[in-house]
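Undergrad: Protein chains in written order, with numbering that gives the first Met the number 0: chain Y, 0 to 247; chain R, 0 to 571.
There may be inaccurate statements among the hints.
Derived DSS-like pairs (lysine-lysine); straight-line CA-CA distance at most 30 angstroms [as the list claims (entries may be wrong)]:
1) Y:K13 - R:K313
2) Y:K200 - R:K319
3) Y:K124 - R:K313
4) R:K435 - Y:K72
No lab work stands behind these hints: they were computed from the structure.
Only a predicted model underlies this, so the values are computations on that prediction, with no experimental measurement involved.
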Amino acid sequence: MAEAVFEVFRGDRKGGQPATYRVPIAPGMVVLDALHHIQAHQAPDLAVRWNCKAGKCGSCSAEVNGRPRLTCKTRMDALPLDKPVTVQPMKAFPVIKDLVTDVSWNYRVNKKIPPFEPSPGTEWKMYQEDVDRVQEFRKCIECFLCQNVCHVLREHEEMEHFGGPRFFVRVAALEMHPMDSRSRTRMLKEDLGIGLCNITKCCTEVCPEEIHITDNAIIPLKERVVDEFYDPVLMLVRKIRGVKQGSD
Amino acid sequence: MTTEFETHDHDVLIIGAGGAGLRAALGALAQGAKVGVVCKSLLGKAHTVMAEGGIAAAMANVDSADDWRTHFRDTMRGGKMLNNWRMAQIHAQEAPERVRELEQWGALFDRTEDGQILQRAFGGHTFRRLCHVGDRTGLEMIRTLQDRGVQLGIDVYMECTITRLLKDGDHVAGAFGYWREQGRFIVFRAKSIVMATGGIGKAWKITSNSWEYTGDGMALAYAAGAELMDMEFVQFHPTGMVWPPGVQGILVTEAVRGEGGVLRNKLGERFMEKYDPKKMELSTRDVVARAIYTEVREGRGTEHGGAYLDISQKPADYVKKKLPSMYHQFKELADVDITKGPMEVGPTCHYMMGGIRVDAETAKSSVAGLFAAGEAAAGLHGANRLGGNSLSDLLVFGRRAGLAAAEHAGKISNTPIDSGQIEDSAREMLAPFERKNGESPYTIHRDLQETMQNLVGIFRNKEDLIRALEELEKLKERAGRLSVEGSRLFNPGWHLAQDLKAMLTVSAAVTHSALAREESRGAHSRIDHPGLDATWGTKNNMIVREGSAMTLRQSAVPELPADLKQLVAEEK
């Protein structure tokens, strides 16, 4: 039976290094299967997050041969087996143990976002063409791979000033919901720091749900912020009428 | 030994953060209770995200003749009349309001041409009834409930596992558990506890269930003295993936058949004509699962031991729009383009109809202060669940459990926690570290899965079930001697050692109940007792702990009132 050699990061907050494991390969096997094999036969304490093993829950994110992936959807037959397969935890988040990282920052950002708020007396009629766009955003499985590859978070560690692609997608889903009545442009600009995104599209490339994060979520939101805060004509109108900028 | 632990106080503690747990939390919050939700994984990853096809609710948006009565009748017939009729009635009556509420909290369902929530056909449902979002309805539901809960301020304890319920006399008083991250202990004091822990599929080898589905809620409730009901009724979903081996068991949504998918054997025969000529592919799950299993056993299976499921007669764009995750799943994991050719599918352990016995109106169990909802509870689905009735179950009875738990909490003062129970729980947790050179929990889990798969599967007989009980005894004994390597820091082997105890308890409950029921009904098929038995049709099996012994008795199925009896008997 064919065999693959794995180099899997073992360690915790204090540090660590890759450990080598040899795993037999079966047809259709994915990297997560190999990690489970290692747990069952060689390292029962190897820490891995996973739930559905079907690409629906977004738990098993890691970096396979340096590429951020869902390990449940990364097939062994798509990887070169003439050299070791490396599996590392997501780099943008602090390691807890082995492949498990501390993603709690994401949950804290999420709490800042003003929730869905329909107008009073809404008649609940919506047409498919009006919800298509938002349904794309709601496909997000919160694997946080987009957060992991975003330069603003991964290299510049701007966690304090930036929300990251996942939460621009979430805000876009609320802003473009046909029944929502709130404006979140001020918080996009000030709390989520959307201006820091320089649209390199790294997030879009890694999205396992193939959400067009940059084109369909971030750019339209940036446009809303610009319209609201930097449009010279609107600024003049506001000045004359005395309307506060970006009021909710 | 003095155990170190942190303590948290809640009026209502909810164990599990899937659809039922989150809806229960919202229900309890609405009553002004202080609510805590504990979940084994991160918030939003619970098994509900894997639900694909839709939420069954008689909204009559597509078929205007639909109403709660028809939904009730479909549910009772699907459950082979073993259902708790009052639960089935409440469920059918309240489901539409629960769906509308989700929409008002921001969920975006697929739409009809006139702007209403679109509904699709599903097995056993007379009308097109399932409100859906493509084939990712569960994700939409859990995100909506999660966002609402976060907004209203529920305390969520993520990656935290409960290993024992604490009691004060006959009343639940709290729960003992541990944080996965550091392995530290945690104690909850609570006036009411809601079990929303889902199912037990991980005791079988081929399953659509995630690692979390180890029956902990049922085992914890059983240990605390609660009755378990209908444990013999384990649903094997007819269509799981069968090839390649790495993906065996992953769910292929019933929506494929709902959208017109056709089943064939290797001879090209549309074999459902033999098993249910009227409903064909949209027969109930028990019937379709047995049909596929029988075709394979009799030599008409596909190359990898399944049946062909084909939706490629529909336009490719339609398939990609209505079944996007199935399209990607087969393309990425099996190199099959489902818009061009058939999928290979076979039965996979999917859902537990049985569970904690509850009161229909309030979801309370037989232990004071303990409630249960969703898959962890029994009664609504009887001997077989209809597709789509699970998501609606979570909403309807999750809400009721949350309301009743909060009301109960309002009536009592805080219950004291006995430190002896805490010390016991801690000692039990740490024991696997102290034993050296024992077996790995992974080996025992693998053997348990083999046992349940081979001896307590779709078709059962007396000899197999007796052998299964013997095997389970041996496994239990081995589990008592296992040891765990490494530290308490995020240690999956240690966690599995805890989960194994729960799986062994529920596996024994399933096997005892299956051995007792000498008939075939719904998902329970006895080769040695192939037909329905009228006497068994009036009884539910109950499992209850007496000392350390698992005991079984029967209880009468609640009799339908005359008007509902007539309703069920009517031909539609």
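Undergrad: Next step is simple, just say for each hint if it's right about the structure.
TA: Structure-based check of each hint:
1. Y:K13 - R:K313: violated (55 angstroms)
2. Y:K200 - R:K319: holds (25 angstroms)
3. Y:K124 - R:K313: holds (29 angstroms)
4. R:K435 - Y:K72: Violated: R:K435 and Y:K72 sit about 37 angstroms apart, past 30 angstroms.
This entry does not satisfy hints 1, 4, going by the numbered hints stated previously.
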